[in-house]
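Enquirer: The opening position of the sequence shown corresponds to residue 1 in UniProt numbering, with each subsequent residue numbered one higher.
Among the hints, erroneous ones may be present.
Said to hold, decoys possible - Calculated lysine-lysine pairs in the DSSO-like style (CA-CA distance at most 30 Å, straight line): (1) K16 x K475; (2) K170 x K16; (3) K512 x K585; (4) K594 x K343; (5) K594 x K583; (6) K170 x K195; (7) K811 x K731; (8) K521 x K370; (9) K583 x K512; (10) K211 x K195; (11) K301 x K343; (12) K574 x K594; (13) K393 x K170; (14) K585 x K574; (15) K804 x K721; (16) K594 x K521; (17) K521 x K585; (18) K721 x K585; (19) K195 x K207; (20) K170 x K210; (21) K828 x K763; (22) K475 x K370; (23) K585 x K491; (24) K731 x K763; (25) K370 x K543.
As the list claims (entries may be wrong) - Label pairs and their computed distance ranges (CB to CB): (26) A850 x G102: 40 to 50 Å; (27) G102 x E711: 52 to 62 Å; (28) T155 x D637: 30 to 40 Å; (29) F743 x A822: 24 to 34 Å.
Simulated from the structure, these hints should not be mistaken for laboratory data.
Source: prediction; values computed, not measured.
In this text, a Cβ means the ideal position worked out from N, Cα and C, and glycines have one as well.
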Amino acid sequence: PPPPPPPPALLTGHAKPVTCLAFDSSGARLASGAADASLVLWDVLSSSGLFSLRGHAGPLTAVAFLPTPGRDLLASAGQDGGVKIWDLELQQSVQALVGHSGAVWCLAAAEVTDKSGEVRARLVTGCCDGRLRMWDVGGGGEAPARYMGSVARQTNEGCASVAFHPAGGKALGCAARDGRAVEIYRVRSGEEGGKRRNRRVRRRREKEGKKAGTVVVEKGRKRGILDEEDEAEPDDEPQDGGEPVDFELVAAGDELCLAAVVRTSHKIKGFSFLPAGERGGGVRVALTLSSSAVEVHRVDKLGDDGALSACRRLHLCDMYGHPAPIRGVAVSPDDELAVTVGKGAMKVWSVEARAVLRSLPLAPPGAPAKAAPLYALCVAFVPGSLRAVVGTKEGCLMLVDCATGDVLSCRQDAHGGAVWSVDVTVTRNEGGEQEVAVVSGSADKSAKFWAVEPDEDSSNPAQDALVHTQTMEMKDDVVAVKFTYSQDAAKSLVCISSLDSTVKVFFADTLKFFLSLYGHKLPALALDASDDDALLCSGGADKTLKLWGLDFGDCHRSMHGHTDSVTAVKFVRKTHNFFSASKDKTVRYWDADKYEQILLLCGHVGEVSSLGMSRSGGFVLSAGMDRQVRVWERTHDMVFVEEEKEAELEKMFEKDLGKTMMKVVPGSGAKEGESDDEDAAGKDNGEFVPESEAAARKTIMTVAAGDRIMEAIELADAETKEIMTTTAANKRREATGAPAIPFRSNPLMMNMDPPRYMMWVLKSVKAAELEQALLVLPMMLVERLIQYLITLLKRKLAVELASKVAIFVIKTHRKAIVANQALVRPLKELQGLMRGRLAEERDRVGFNLAAFGAIARAADEANANKNFDQALTSEEIWGELGLGADVAAKMSGRKNDGKKKQSV
């Protein structure tokens, strides 16, 4: 079988959520911006952070590498309304682009060639005022960017995303926030932009000449009837609040021309150009929509005559998911189907295939086509069938056949308010016949009971309908209802939760009051009973879960764990274990007998609103506001509660660490725990606040790695001391003629001497965590670590790693090291060893690169004179390199000797 894929690299360096990412042209570096106003540059190959840049006063929204020749520049935009250009070699900001009237939400950069043939970069930003601003970015000067003006779009809505076409930046796309159109601009070439600039300058001079009483006519140029009318020109002081524009230079309007507008039926969440070009100069655009669909549109031609080009949709990829948040989910009695409901739609899923089988629009029978759809809030299956009862926000109650998609019954006047909860049960009456009972709780302060009976008004005798049987008036809105699982009508109970934070229990057949459960500080939003009717679990808006005994109504235990309102609870059949969902985006698994949490299931990115439990207990479904339906399956893996508790404590520890700023190298000028307000105060007071710092953050993994390094140093010291003691004892015994004592190595050293063991431990630490792990070492252990690094350099072992660790610890503890006179001689020895060993490594790498280049050139030259099907032998390659026949014969002899040894 193929080897398992390597685990993904985890880059930790931000204290708040990451908001934007960008790779450079080679893909070896990654820039990330976050809501903590920090910008981190990562080395993808080593999975480690290079450095962090700080300068924005608000969350970052976009980053992009600028393709400027001869200079390594990076642009970043933030909600503070600023755009900064960073020099990555200097690790500081070289220019701030001002003039935006609000938050800058997007930016894009592309490489262009101007009229003179010089390669430059174009930077375009999108602001909340709806205008596109352009800068010309070059490689030289302290301020590399020149403002070229702005372009007014067809709408005043803010720009959500902007992107250049990957094929030379021939097109520019811009999408508005919550809009349904993408504007495609044609980017004129340097020569075309120069012509537009010359014509604009000539017309402006003619206007100025007319105002002054003189007429300025270009030599050899006559105005004719075919000349276009005067175009809008950028003013010296533009109205958009940007920098003054020199009308003698090429402006944004000279290079950008609106060519097409791609329109969709739903709101656009993002777009991207396809890199492949189209015949006739067209482009293809892929768009992601709010309906969870992906569309591909084709623009036939990027014209320059002012007329918009035609657009047509080529492909539509729709996963048939919910376009709006999911409010309810239920599993069929045979565990094969699942039903989810939301705004205007009800979808039937195959649990095994993980695919939509049927999508049903929720509308009353006979409603006009343009009528507003119903907003479903809850759903429940009728036991023993594929029929489902759906409650809506408009107060309707619907009985739907999931197999055919037909609405069997719709009671539009079921309730006078939103139906928050429904439940269905099957009981046996005194005659032994099965009866299907439905209870619905609504915001009209009532709980109504329904029976599923054959519809007498229908022509089909097999069609069922909802028949109202009883109504129970409550003092407050009903938010949750639940039947117990007893099939005896005399023992069946119904539990009703209302806004007064109490849960009342009634007999289902007579509706006589039985119990009143009070203890929640806020209303109980979810109810469920165990299948033996012994326990009732309630989850409330007060973030607590309460377990009640249905015999006397006593509260067995209040369980805490969720950090937000509990929205759903479901017991596992034939057990006292249950699942709970919450607005904190988590699903938790609990043991109601031991009153402890078993598992924490994370995966949702929005509030979890509903749970669907399978009858067999093999899986549970969770749905929420992120429009996802997640399937959690039971596995055969063992779960240890203590390990889960430790993992949760580690997450809490990391969360507490994330509240502070990133850990920086001591002495770099930055302080740990500094906030943005403190940085701003430092700037106002004239204090130096560095823009670059270490790109690392303390996590539980770095703390564990630091502990492992400290234990390794102590273990290596103990092993070294034991070796010295044994050696001295053997010398004394040798003088007396006694036999030597054999040395017994510590099994934890894995049969390695102390320097090699230290090398193995340092290599086991991830590159991204090494610096933070070394920060926890005390000065006493740093001195011992330096001695081991010297030994490794003497043996030429792990030269690069040893040099990296030595430089970092010396830089970190330089004040203490300078004050320690005992380290003067080791540091001088370390300096000499590092220079010599690194020079050897550099020469070795350079020699290997030159050798590979020579071999490649020799192979290319030989293949140019021969057929491509003819392979070169090793003798021919060495001969082409000019090393002579003796070297080739020697190489051939080694191969023959190897073959003879194998044959023997």
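Enquirer: Determine for every hint whether it applies to the structure shown.
Expert: Outcome of the hint check:
1. Proximity of K16 to K475 is assessed by CA-CA distance (about 45 Å); at most 30 Å being required, the pair is judged violated.
2. With a C-alpha separation of about 36 Å, the suggested pair K170 and K16 falls outside the 30 Å cut-off, and the hint is violated.
3. Distance restraint check for K512 and K585: the Cα-Cα separation of roughly 38 Å exceeds the 30 Å cut-off, and the hinted pair is therefore not satisfied.
4. Of the supplied pair hints, the one linking K594 and K343 is violated, its CA atoms being roughly 39 Å apart against a limit of 30 Å.
5. Distance hint between K594 and K583 is fulfilled; the C-alpha atoms sit about 25 Å from each other, no more than 30 Å.
6. With a CA separation close to 17 Å, the supplied pair K170 and K195 stays within the 30 Å bound.
7. Only pairs whose Cα atoms come within 30 Å are accepted, and K811 paired with K731 is rejected, the gap being roughly 41 Å.
8. In summary, the hint linking K521 to K370 is not supported, as the alpha carbons are separated by about 44 Å, beyond the 30 Å threshold.
9. With a CA separation close to 34 Å, the supplied pair K583 and K512 exceeds the 30 Å bound.
10. Pair hint K211 plus K195 holds up; C-alpha atoms about 25 Å apart against a cutoff of 30 Å.
11. The suggested pairing of K301 with K343 is violated, with an alpha-carbon distance near 39 Å, which exceeds 30 Å.
12. Between K574 and K594 the CA atoms are separated by roughly 16 Å; this keeps the pair inside 30 Å, and the hint holds.
13. Straight-line distance between C-alpha atoms of K393 and K170 comes to about 50 Å, which puts the hinted pair past the 30 Å bound.
14. Distance restraint check for K585 and K574: the Cα-Cα separation of roughly 27 Å lies within the 30 Å cut-off, and the hinted pair is therefore satisfied.
15. A threshold of 30 Å between alpha carbons decides the hint, and for K804 with K721 the separation of about 27 Å falls inside it, so the pair holds.
16. For the hint pairing K594 with K521, the CA-to-CA distance comes to about 24 Å; that is within 30 Å, so the pair holds.
17. Pair hint K521 plus K585 holds up; C-alpha atoms about 22 Å apart against a cutoff of 30 Å.
18. For the hint pairing K721 with K585, the CA-to-CA distance comes to about 54 Å; that exceeds 30 Å, so the pair is violated.
19. Restraint check: the Cα-Cα separation between K195 and K207 comes to about 19 Å, which is no more than 30 Å; the hinted pair holds.
20. About 37 Å separates the Cα atoms of K170 and K210, which puts this hinted pair outside 30 Å; it is violated.
21. For a cut-off of 30 Å, the pair hint linking K828 to K763 stands: about 25 Å separates their Cα positions.
22. Of the supplied pair hints, the one linking K475 and K370 is violated, its CA atoms being roughly 37 Å apart against a limit of 30 Å.
23. Between the alpha carbons of K585 and K491 the distance comes to roughly 37 Å, so the proposed pair goes past 30 Å and is violated.
24. For the hint linking K731 to K763, the alpha-carbon distance of about 36 Å lies beyond 30 Å, and the restraint is violated.
25. With a C-alpha separation of about 41 Å, the suggested pair K370 and K543 falls outside the 30 Å cut-off, and the hint is violated.
26. Evaluation of the 40 to 50 Å hint for A850 and G102 yields a failure: the beta carbon distance comes to about 55 Å.
27. Taken as a hint, the range 52 to 62 Å holds for the pair G102 and E711, whose Cβ atoms sit roughly 53 Å apart.
28. One distance hint, 30 to 40 Å for the beta-carbon pair T155 and D637, is violated here, with the actual separation near 53 Å.
29. In this structure, F743 and A822 meet the distance hint of 24 to 34 Å, their C-beta atoms being roughly 29 Å apart.
Of the numbered hints listed earlier, those contradicted by the structure are 1, 2, 3, 4, 7, 8, 9, 11, 13, 18, 20, 22, 23, 24, 25, 26 and 28.
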